[in-house]
Amino acid sequence: MTSLSPQPRPSVRAGERPGDTSPRETDGARAEAAVPAWTVDDAIRLYGIRDWSSGYFTINERGHLAVLPDRNPARQIDLFEVLEGLREREIGTPVIIRCGDLLRHRLREIREAFDAAIRDHAYQGTYSCVYPIKVNQQRPLCEEVRDAAAALGFGFEAGSKPELLAVLGLTENRPEMPIVCNGFKDSEFIETVILATKLGRHVIPVVERFSDLELIVKHAERYRVRPRIGVRVKPSAKGVGRWESSAGMRSKFGLTVTELLDALAFLERHGMADCLNMLHFHIGSQVGDIRSIKAAVNELAHIYCELKELGAGLDTIDVGGGMGIDYDGSQSASHSSVNYTVAEYAADIVYRVKSACDAADVPHPRILSESGRAMVAHSSILLVDVLGSSQFPVDADVGEIKRLMEEEDERPQPVLELIDAFEALGLPRVNLVEVYHDAVQAAEEAMSLFNLGYMSLPMRSATERLFWAIGRKALSLASRKGELPDELSDLPRVLSDIYYVNLSIFQSLPDHWAIDQLFPICPIHRLDESPTRRGVLADITCDSDGQVDRFIDKREISKPTLELHELRPGEPYYLGMFLLGAYQEVLGDLHNLYGDTHVVHVSFDDSPGVGDWNIDEIIEGDTVKEVLAYVQYDSEDLVRAMRRDVERAVKAGKLSVAEGQSLLKFYDVGMEGYTYLE
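Using my numbering, the first residue of the sequence shown is number 1, and each one after it goes up by one.
None of these hints come from the bench; they were simulated from the model.
Some hints here could point you the wrong way.
[Claimed, not checked] Here are the in silico distance ranges between beta carbons for each label pair:
1) 587 to 658: 19 to 29 Å
2) 454 to 430: 26 to 36 Å
3) 358 to 605: 43 to 53 Å
4) 423 to 291: 19 to 29 Å
5) 557 to 437: 20 to 30 Å
6) 451 to 650: 48 to 58 Å
7) 406 to 658: 51 to 61 Å
8) 650 to 629: 21 to 31 Å
9) 569 to 447: 32 to 42 Å
10) 630 to 397: 48 to 58 Å
11) 291 to 615: 21 to 31 Å
12) 430 to 587: 41 to 51 Å
[Stated by the list, open to error] Subject to a maximum C-alpha distance of 27 Å in a straight line, what follows is the list of computed DSSO-like cross-link-like pairs (lysine-lysine):
13) 161 to 134
14) 308 to 198
15) 665 to 625
16) 554 to 481
17) 665 to 651
18) 308 to 234
19) 294 to 134
20) 161 to 234
21) 294 to 234
22) 218 to 308
23) 218 to 198
24) 654 to 665
In this text, a Cβ means the ideal position worked out from N, Cα and C, and glycines have one as well.
Produce the entire structure from the sequences given, and follow the hints as far as they go.
Structure follows, in structure tokens:
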């Protein structure tokens, strides 16, 4: 049996009494039983906000989703209010809201967690976190990280030549800020690192292949520089999570222990053993199980101590990335969650490194981590509008269907069986699974008859209406029992509405499409009303994969539908998609030529009488002209071609001059417009 997700509790309607639980049939995917009036606390529980938000989001008394940038309930940014303010400024959805206050609070939390662990364990070394800009290279975000990092003693990690050049420019006049260089490197990359070191920058090139070390020594000797060198080791500890292949002996990067010893010998021959300052490893991104982290850090610490005793000038240990976040709120070791806190992560790393060093009588090293996902994921929220919805008809009128059957030359047996099944669901002690199986078989037989020409179109319509009505009634009865038989587990998805959302999954949620990553999604307003529909989300691309049909559910791995509200004519309906700050913006593609969305930086405003938030910066999304340029179209050439076509149509009498000018105006304005629906 499958536990059903918490059912939406409909608001009390006219003529009903609070607490009235008598059965009432409703259309579509509506929840069935009327129970006490809906509250925002019900919405908080339904959407799991306390579970996945890490205290940064809540629902306010107006039923709006709000950001708590420093977890203080008295300092809230109402997301619906922000959207309304943006609409007045002619900035529509989809739009990413980025909260710098939240980002800075998150960085301070990591700093304070390691400071506490260092204090509690009497650790003699220091700690620094470096932000891998591959997680999100957007300039405004990186500048906010840089400004916060300067006060916290944090730095950056670059994994490519373009990223290195970006980081060097970002960190102007900040020579103390550590810069770790991972990834494949050519001679130009290494030479840039050596010259930046000579400039006075704190740059650490990490040796991923032995050839990297040869280039480092070559350029260091050429420019007479004593560089700080790091080396990545391949741990025996197996990688974990979706990115488990990034660790272990078969990993893409790093040296085996044998190669590590050869590297130390090579440096000794060049009189540079003291330049080997950092040992690095990586066991995967979004590591959900703290035990895997502890085992890997323990191995790394012992390798560190052995190398130190062999003469390496080590003073830093880099535990890499991997600190995950709880996307689904389950606090488990699943791919979309973690079974540890930031404080536990810090304490375990500090303790393991200290224990190994104390046992070997080795000074405690500086600890680096590359916790990019944990640093920035919470600070970006995607807000989108719903364009419309489609619903399956489930209002079977058995009397009308029987009347239609009288007009048929021969009454189709499958339709009679479906009527029997529908009426059987009204009997006491009905076997839901048996009735549903009978309905499935009858529907299949009806389709076969239709395809062979033995059933009319009205009877096919009656078949569909009866089948959907049976499914809805079976799901309603199962919901009242609180359990869904495994044989009916697909019904919520089959009967769900489709809500059409103004976004591209491939641009804004690529990890959902590519690796089935779960992200928290919920309405950002009307949360003081009961959501009476269940639906999946379809984007505006012309690809069948462009949909979200897996949602977070604390009771199960995921659920196939999301609880939503009935759309109201003429009123906007907005959804928020959360924890998107890591990877989603930079991995997005141009499917159907939908480009980058608008990005708006907001902050909390403590000033009296001016509202609770400021718009600090608006970065407008791609225009049609810009995305066409990405794929080598010249917009001016296209406009000229269109103008020639219009002139030919005017000359041929197909268009009037005014019509032609209107078309050209729309074409020209469209080039400068947003790629999404406006």
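Consistency of the hints with the structure:
no., hint, in the structure
1, 587 to 658: 19 to 29 Å, "violated (46 Å)"
2, 454 to 430: 26 to 36 Å, "holds (30 Å)"
3, 358 to 605: 43 to 53 Å, "holds (49 Å)"
4, 423 to 291: 19 to 29 Å, "violated (56 Å)"
5, 557 to 437: 20 to 30 Å, "holds (26 Å)"
6, 451 to 650: 48 to 58 Å, "holds (50 Å)"
7, 406 to 658: 51 to 61 Å, "holds (57 Å)"
8, 650 to 629: 21 to 31 Å, "holds (29 Å)"
9, 569 to 447: 32 to 42 Å, "holds (35 Å)"
10, 630 to 397: 48 to 58 Å, "holds (53 Å)"
11, 291 to 615: 21 to 31 Å, "violated (44 Å)"
12, 430 to 587: 41 to 51 Å, "holds (49 Å)"
13, 161 to 134, "holds (12 Å)"
14, 308 to 198, "holds (26 Å)"
15, 665 to 625, "holds (15 Å)"
16, 554 to 481, "holds (19 Å)"
17, 665 to 651, "holds (19 Å)"
18, 308 to 234, "holds (17 Å)"
19, 294 to 134, "holds (25 Å)"
20, 161 to 234, "holds (23 Å)"
21, 294 to 234, "holds (16 Å)"
22, 218 to 308, "holds (24 Å)"
23, 218 to 198, "holds (15 Å)"
24, 654 to 665, "holds (18 Å)"
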